[in-house]
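Protein chains: 2
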Amino acid sequence: MSNFHFIPGGVTAAQGFTANGVCAGVKAATSAAIDKTKKADAPAVIPNGKRDLALIACDKPCTAAAIFTKNLVKSDTIYVTQKHLENGTAQAVIVNSGNANACNPDGYEKAEAMAKLAADALGIDENNVLVASTGVIGQPLPLAPIESGVNALKDILSKEGGTNAAEAIMTTDTVKKEWAVQTVIGGKTVTIGGIAKGSGMIHINMGTTLSFVTTDAAISAGMLKAALMEAADVSYNMVSVDGDTSTNDTLAILASGYAGNAEITEKNEDYDIFLEALTAAFQAVAKKLAADGEGATKLLICKVSGAKDDKAAKTVAKSVICSSLVKAAMFGADANCGRILCAVGYSGADVDDVKKIDVAYKSAAGEILVCQNGCGLAFDEAKAEQILLENEIEIIITLGDGAAAAEAYGCDLTYDYVKINGDYRT
Amino acid sequence: MSNFHFIPGGVTAAQGFTANGVCAGVKAATSAAIDKTKKADAPAVIPNGKRDLALIACDKPCTAAAIFTKNLVKSDTIYVTQKHLENGTAQAVIVNSGNANACNPDGYEKAEAMAKLAADALGIDENNVLVASTGVIGQPLPLAPIESGVNALKDILSKEGGTNAAEAIMTTDTVKKEWAVQTVIGGKTVTIGGIAKGSGMIHINMGTTLSFVTTDAAISAGMLKAALMEAADVSYNMVSVDGDTSTNDTLAILASGYAGNAEITEKNEDYDIFLEALTAAFQAVAKKLAADGEGATKLLICKVSGAKDDKAAKTVAKSVICSSLVKAAMFGADANCGRILCAVGYSGADVDDVKKIDVAYKSAAGEILVCQNGCGLAFDEAKAEQILLENEIEIIITLGDGAAAAEAYGCDLTYDYVKINGDYRT
Chain A
1 MSNFHFIPGG VTAAQGFTAN GVCAGVKAAT SAAIDKTKKA DAPAVIPNGK
51 RDLALIACDK PCTAAAIFTK NLVKSDTIYV TQKHLENGTA QAVIVNSGNA
101 NACNPDGYEK AEAMAKLAAD ALGIDENNVL VASTGVIGQP LPLAPIESGV
151 NALKDILSKE GGTNAAEAIM TTDTVKKEWA VQTVIGGKTV TIGGIAKGSG
201 MIHINMGTTL SFVTTDAAIS AGMLKAALME AADVSYNMVS VDGDTSTNDT
251 LAILASGYAG NAEITEKNED YDIFLEALTA AFQAVAKKLA ADGEGATKLL
301 ICKVSGAKDD KAAKTVAKSV ICSSLVKAAM FGADANCGRI LCAVGYSGAD
351 VDDVKKIDVA YKSAAGEILV CQNGCGLAFD EAKAEQILLE NEIEIIITLG
401 DGAAAAEAYG CDLTYDYVKI NGDYRT
Chain B
1 MSNFHFIPGG VTAAQGFTAN GVCAGVKAAT SAAIDKTKKA DAPAVIPNGK
51 RDLALIACDK PCTAAAIFTK NLVKSDTIYV TQKHLENGTA QAVIVNSGNA
101 NACNPDGYEK AEAMAKLAAD ALGIDENNVL VASTGVIGQP LPLAPIESGV
151 NALKDILSKE GGTNAAEAIM TTDTVKKEWA VQTVIGGKTV TIGGIAKGSG
201 MIHINMGTTL SFVTTDAAIS AGMLKAALME AADVSYNMVS VDGDTSTNDT
251 LAILASGYAG NAEITEKNED YDIFLEALTA AFQAVAKKLA ADGEGATKLL
301 ICKVSGAKDD KAAKTVAKSV ICSSLVKAAM FGADANCGRI LCAVGYSGAD
351 VDDVKKIDVA YKSAAGEILV CQNGCGLAFD EAKAEQILLE NEIEIIITLG
401 DGAAAAEAYG CDLTYDYVKI NGDYRT
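From first to last, the protein sequence lines stand for chains A and B.
When we follow our numbering, the leftmost residue of the first sequence carries the number 1, and every step to the right adds one.
When we follow our numbering, the leftmost residue of the second sequence carries the number 1, and every step to the right adds one.
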């Protein structure tokens, strides 16, 4: 039986944390710099605009950890956040959408300036402020809206503001992602909550998209990092929307310790309980990120079993979920088993015998076997179509090589993906 | 100065070869088996239908070689062709479109039966017949249309029929691909010609799509194979349409020796002249395959220079050309340098310093630098758009690490790609 349960709330669910998000006009200022025909708004908080600046804060310094994109080209926000995490503590996170602050000559200075603005507003050490940005790459980050935004935010930080923070980090996301779970560690109730943004440029082999997690567990920075990596490995690292990895991916966690449990400083039973809840939450987020992939109409879950080892299972699941042809076929509700077999075959995974592969599709409308022993089956096309018209599809692959299993999360490839990315910047 | 020049013609341009293509009804029979509401045509050649069966023949056995898909899941046609090439000779090629004969329990027997039908019709050894198929995977191959098609083809093989053969191997291709080059080896005129099909499922790390090449050069099977691999490495292996590799990819070459040159049996000057012509032809085909990628409106050529070594140059070029985000941005004529830098950064290539990367776009409408020293530049958006509205775009990346260079070929990602692949089978 699982020890945790989901509860309402997000990044402010855990004790000690407040947050909020406002429309500071970062995106408008960036677009105006690209397209001179557009007029920049004066740097002031816009009451009804799309929120683009979030501030998350704790009332005391927390233990903290983060993992980042593996892209060689990194936003300078990542270097600043890495530096501020060297001592394993943090107290606040400042995040903007609308501009990635990547590939800019003055990116580092501006990321540091963002941290200082937040630190000054909160009256805390700037080395305890983590920084993240998301949006267009290669455009100078406008600091004026961030300054006015931070000044507005410092007065409205609250428990209720977490949901505004979730909105503020969205780019092409269509729904905000926030979550919270509770579990019990050593008799104490521990809460973990978070917000995430995703949509495009989501791919395996990355830290994550932007995700900020808070908890009131007492846990060392080292154990936070370990749990973050373990949980991400079977969640964020198994999601792909388009095979592109971003320059800005950041998954950060802050732990206030207010739950009062004995501090977790090693991989003991308490660690396992914490990890179980964190993993379940991250997997739920992974599905949300995939389902809200740019232009997506369907969540695809590829479940591989019977693999020789974990690596083979993961490699196959990722290859299928990343195939443009599989993704387009799922959009069209076309039960093409050839696409699936193909993607298994070129995955590079250690698969003993392709003549042992079975493939089935499953959804709320039923399940249908379309391939057995590596060969296409004659199947009921009408039933298959009905299954594939649902908005959550499982692609079930059985390899017959061993006992390892893995799941990967993705989405269909649609007209709207092309439309969204055909003109992203302005 | 180059020794070769392009001439009109295709797979029958070289001395000794004839070919033709007919509509045998393979696709119609396959679709009818999937969708019972469709009625299969009686197995007879359909005068005005889309050609789907090609036969290429020489009037004597040739030296021959082929390279194949690296997908673990292979069409049985590949195993039969590999077996028939064991002795390094071949005299004919039979190819159908409309059904890939892959992932079928009786695939091997049917591929052998295809070879035998062609051998019997031509009165040659069935071990000298190569077999290839392309089309839907996991559906039984209907042999009846192939039998009636072969019988019709044997009487109409001709020099002029090469272009019908080019048509017959097309699937979602919108234009047929045929080419011929001539060069001079040891004072003798040598002709090389070929046909190819591409469109979807084209990706790096593969043999190729379906391509059949004939030449009247005198060259050993071993040197043919060596030249095929060297030429493919900088052409077919540098094309990507959608990142998927097919189960059926085959690039085969037959050499009749009628040109009368001293047989090429080692990597000497004659080999180099032959390779030069073959490489130029394959690179021209690679561009045609990319430009006619499924749904493509634009040919993208990514030119990387200043790389540390060949591997780094190729890895970067391939990563950029494969990025869904780059491809969608090019469709939308959006001069987003962030997409390019991102794809360089996650390519896994050995790049010393991302702060040395320059990026420019070039087309018939001009050239524009959009990124210098790893940072986005302010540039003339109107001019950039004009450049990107052309149908052949060069993405020029300079790394500043060394002297190695590479080119990769791809296309934009469009609404039509999604449409074509949303319902491929019927």
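Accuracy of the hints is not assured; some may be wrong.
Pairs count within a copy or across copies, as identical chains cannot be separated in the list.
Said to hold, decoys possible - Under the rule of at most 20 Å between Cα atoms (straight-line distance), these lysine to any residue pairs were calculated in the SDA-like manner:
id, residue 1, residue 2
1, K419, T297
2, K308, A403
3, K419, D125
4, K188, D106
5, K287, L275
6, K303, E392
7, K225, I420
8, K225, I7
9, K288, V234
10, K419, L389
11, K356, L72
12, K287, G306
Quick caveat, the hints were computed from the structure, so don't treat them as lab data.
Alpha-carbon proximity context of K419 and T297, limit 20 Å: both (14 Å within a copy, 14 Å between copies)
Within, between, both or neither: how does the pair K287, G306 come out at a Cα-Cα threshold of 20 Å? Neither, since 23 Å and 41 Å both go past 20 Å.
If the cut is 20 Å between Cα atoms, do K288 and V234 qualify within a copy, between copies, both or neither? within (14 Å within a copy, 41 Å between copies)
Please work out whether the CA atoms of K225 and I7 approach to 20 Å or closer within one copy, between two copies, in both situations, or in neither? neither (24 Å within a copy, 64 Å between copies)
Pop the pair K303 and E392 into one bin, within, between, both or neither, using alpha-carbon distances up to 20 Å. within (13 Å within a copy, 40 Å between copies)
Regarding K225 and I420, is the shortest C-alpha distance of 20 Å or less found within a copy, between copies, in both, or in neither? neither (34 Å within a copy, 45 Å between copies)
If the cut is 20 Å between Cα atoms, do K419 and L389 qualify within a copy, between copies, both or neither? Between. Shortest inter-copy distance 16 Å satisfies the 20 Å Cα cut-off; intra-copy 22 Å does not.
Quick one: K356 to L72, C-alpha cut-off 20 Å, is that within a copy, between copies, both, or neither? Cα proximity of K356 and L72: across copies only (12 Å, versus 39 Å in one copy).
For K308 and A403, with the copy left unspecified, which applies at a CA distance of at most 20 Å: within, between, both, or neither? within (6 Å within a copy, 42 Å between copies)
Within a copy, between copies, both or neither: which one fits K188 and D106 at a CA-CA cutoff of 20 Å? Classified as neither; 46 Å inside a copy, 63 Å across copies.
Within, between, both or neither: K419, D125 at alpha-carbon 20 Å: Neither: 43 Å inside a copy, 54 Å across copies.
First find the shortest C-alpha distance between K287 and L275 inside one copy, then the shortest across copies, and answer within, between, both or neither for a cut-off of 20 Å. within (18 Å within a copy, 50 Å between copies)
Of the numbered hints given earlier, the model fails hints 3, 4, 7, 8 and 12; all others are met.
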